Structure formats: C-alpha cells, structure tokens
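Trainee: Sequence lines, in order, name chains L and G. Take the first sequence: its letter number 23 is residue 23 in this note's numbering, and every next letter is one higher. Take the second sequence: its letter number 43 is residue 43 in this note's numbering, and every next letter is one higher.
These are computed hints drawn from the structure, not numbers from a lab. These numbers come from a predicted model, not from an experiment. Using N, Cα and C, we set each Cβ at its ideal position, and we do this for glycine too. Possibly wrong hints are sitting among the right ones.
[Claimed, not checked] EDC-like cross-link-like pairs, simulated, lysine to aspartate or glutamate; straight-line CA separation at most 20 Å:
{"hint": "1", "chain 1": "L", "residue 1": "71", "chain 2": "L", "residue 2": "56"}
{"hint": "2", "chain 1": "G", "residue 1": "69", "chain 2": "G", "residue 2": "20"}
{"hint": "3", "chain 1": "G", "residue 1": "104", "chain 2": "G", "residue 2": "85"}
{"hint": "4", "chain 1": "G", "residue 1": "104", "chain 2": "L", "residue 2": "78"}
{"hint": "5", "chain 1": "L", "residue 1": "57", "chain 2": "G", "residue 2": "95"}
{"hint": "6", "chain 1": "G", "residue 1": "104", "chain 2": "L", "residue 2": "86"}
{"hint": "7", "chain 1": "G", "residue 1": "49", "chain 2": "L", "residue 2": "78"}
{"hint": "8", "chain 1": "G", "residue 1": "107", "chain 2": "L", "residue 2": "44"}
{"hint": "9", "chain 1": "G", "residue 1": "58", "chain 2": "L", "residue 2": "99"}
{"hint": "10", "chain 1": "L", "residue 1": "57", "chain 2": "G", "residue 2": "98"}
{"hint": "11", "chain 1": "L", "residue 1": "57", "chain 2": "L", "residue 2": "78"}
{"hint": "12", "chain 1": "L", "residue 1": "14", "chain 2": "L", "residue 2": "99"}
[As the list claims (entries may be wrong)] With the Cβ distance kept under 7 Å, some of the chain G side facing chain L (calculated, not the full set):
{"hint": "13", "residue": "14"}
{"hint": "14", "residue": "40"}
{"hint": "15", "residue": "42"}
{"hint": "16", "residue": "49"}
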Amino acid sequence: DTGVSQDPRHKITKRGQNVTFRCDPISEHNRLYWYRQTLGQGPEFLTYFQNEAQLEKSRLLSDRFSAERPKGSFSTLEIQRTEQGDSAMYLCASSGNYEQYFGPGTRLTVT
Amino acid sequence: AQSVTQLDSQVPVFEEAPVELRCNYSSSVSVYLFWYVQYPNQGLQLLLKYLSGSTLVKGINGFEAEFNKSQTSFHLRKPSVHISDTAEYFCAVSEGAEKLVFGKGTKLTVNP
Numbered sequence: 001d002t003g004v005s006q007d008p009r010h011k012i013t014k015r016g017q018n019v020t021f022r023c024d025p026i027s028e029h030n031r032l033y034w035y036r037q038t039l040g041q042g043p044e045f046l047t048y049f050q051n052e053a054q055l056e057k058s059r060l061l062s063d064r065f066s067a068e069r070p071k072g073s074f075s076t077l078e079i080q081r082t083e084q085g086d087s088a089m090y091l092c093a094s095s096g097n098y099e100q101y102f103g104p105g106t107r108l109t110v111t
Numbered sequence: 001a002q003s004v005t006q007l008d009s010q011v012p013v014f015e016e017a018p019v020e021l022r023c024n025y026s027s028s029v030s031v032y033l034f035w036y037v038q039y040p041n042q043g044l045q046l047l048l049k050y051l052s053g054s055t056l057v058k059g060i061n062g063f064e065a066e067f068n069k070s071q072t073s074f075h076l077r078k079p080s081v082h083i084s085d086t087a088e089y090f091c092a093v094s095e096g097a098e099k100l101v102f103g104k105g106t107k108l109t110v111n112p
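Take these sequences, add in the hints, and give me the full structure.
Mentor: Structure below.
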C-alpha cells in the first residue's frame, strides 16, 4: 500500500513538552498539507508545501508550531511547549493534482 | 473567503432507505468541491469530487453528488444505504490546488 502514512498514531504528552509528528506522502505527490481536527469539527488547514517550499501558513499556526519538508518528501510538524488546547487529531494529506489524500492522523493528548 | 455549511449535523436513517446530506458553499471564484467520509479514529477517505464538466458526479460506495452553481450547493445522495455507511461525512471546497475548507460534518447513522 502506497498511501499517506503518519507516525505516531497516538501521542500522550505532558503540558510544556515538545512533540514532533512525521508524515510520509504518496511518493509521486509534490504537495503536502497539514490539518488539525478537534472533536465535533471538520479539519482546519494549518500549512502546506509544494516540494520543499512552505507556501501558506494559517493564522492557527502559532509561533510554537513549525513544519518542515526538507527534501520535498516526508514532512515533520513540531509543537513546542504544548498546551492542553493543542489536543487534537493532526492530519496530513498529499496531492499530485487537485484531490487530496489523507493519512490516518496522529491523535495528540496533552495532559 | 470560502466557507462551507453542512445543514444537518446528524442524519438518522433506516437501512435501505435513501439519504441526502446537504452542503452549501460560498466563494467568489470558481471552486472545486469534494465529499470525504471519516470512520471513527481514522483519516478521511475521498468519496467523490467535482472539478469541472458534468454536474452529476459519481463516487465510491454508490454515492453521487450534484453540483448546482446557481444554488451554490453540492448535496450528497445515496439511493439505498447500508449499516456500513454509518460514519461522518465532510463537504469541502478549494479554489485550486490549495487548502481545503471543510464543513463541520454530518454524522450519518444507519439503523437496522
């Protein structure tokens, strides 16, 4: 299966700790997106890359959040000094055209 | 700015009944429209998409949707649902190969 993969699937951390998530897109896709989904809501856009260039960042992406895609393949999303409000499902998607294909998500719980 | 409104937060139906999940969008430019399905604790799976051409689009699992530009709607339909269709459904819009803007979702519950 060559779908989008995300690691880890679940992460429990204490408030104030740093966490990093990884996303591996479908290999031939040049665009990669990060979204956040909280309970009872639709996914909200965070940021996206075309190859290694980060082209757009949402206002939701505070200074504590940083994303990279160093070689235009996999991407990482880091959250520094986590807060309880960061608890959510973090979804990654990749695209080669107009439709986006999503990974299974990383569920973050901040205690 | 784009926005998506899913008019029903929950839709209960009986097995083998038809169902329609409603979606309205707003945008100042031409858009691409999508429906995704999400099963519990999973990512989103693309059901169908409208990019251009025929306004009636067919997707996986027997779902179809109709794009209505004058009413800015993209309602999802299935003539006969199964228990396995129980899930949350999201309508989304984009203005190209950019970010998706999602509605808040509709929880479809199919009862025996």
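Trainee: Now tell me, hint by hint, if it's right for this structure.
Mentor: Evaluation of the provided hints:
Between the alpha carbons of residue 71 (chain L) and residue 56 (chain L) the distance comes to roughly 18 Å, so the proposed pair stays at or under 20 Å and holds. With a C-alpha separation of about 18 Å, the suggested pairing of residue 69 (chain G) with residue 20 (chain G) holds against the 20 Å cut-off. Restraint check for residue 104 (chain G) and residue 85 (chain G): the C-alpha separation of about 18 Å stays at or below 20 Å, so the hint holds. Note on residue 104 (chain G) and residue 78 (chain L): the hinted pairing is violated, with a Cα-Cα distance of about 26 Å set against a maximum of 20 Å.
Proposed proximity of residue 57 (chain L) and residue 95 (chain G) is supported: the alpha carbons are some 16 Å apart, at most 20 Å. Restraint check for residue 104 (chain G) and residue 86 (chain L): satisfied, since their Cα atoms lie roughly 19 Å apart, inside the 20 Å limit. Proximity of residue 49 (chain G) to residue 78 (chain L) is assessed by CA-CA distance (about 31 Å); at most 20 Å being required, the pair is judged violated. Distance restraint check for residue 107 (chain G) and residue 44 (chain L): the Cα-Cα separation of roughly 18 Å lies within the 20 Å cut-off, and the hinted pair is therefore satisfied.
Proposed proximity of residue 58 (chain G) and residue 99 (chain L) is supported: the alpha carbons are some 15 Å apart, at most 20 Å. The straight-line distance between the Cα atoms of residue 57 (chain L) and residue 98 (chain G) is roughly 11 Å, inside the 20 Å bound, and the hint therefore holds. For the hint linking residue 57 (chain L) to residue 78 (chain L), the alpha-carbon distance of about 14 Å falls within 20 Å, and the restraint holds. Our distance criterion of 20 Å between C-alpha atoms is broken by residue 14 (chain L) and residue 99 (chain L), whose separation comes to about 36 Å.
Nearest Cβ of chain L to the Cβ of residue 14 (chain G): about 25 Å, over the 7 Å cut. The hint is violated. With 7 Å as the threshold, the beta carbon of residue 40 (chain G) stays out of range of chain L, its nearest partner Cβ sitting at about 11 Å, so the hint is violated. Taking 7 Å as the C-beta contact cut-off toward chain L, the hint placing residue 42 (chain G) at the interface holds, the least distance being around 6 Å. Interface restraint check for residue 49 (chain G): the shortest CB-CB distance to chain L comes to about 5 Å, inside 7 Å, so the restraint holds.
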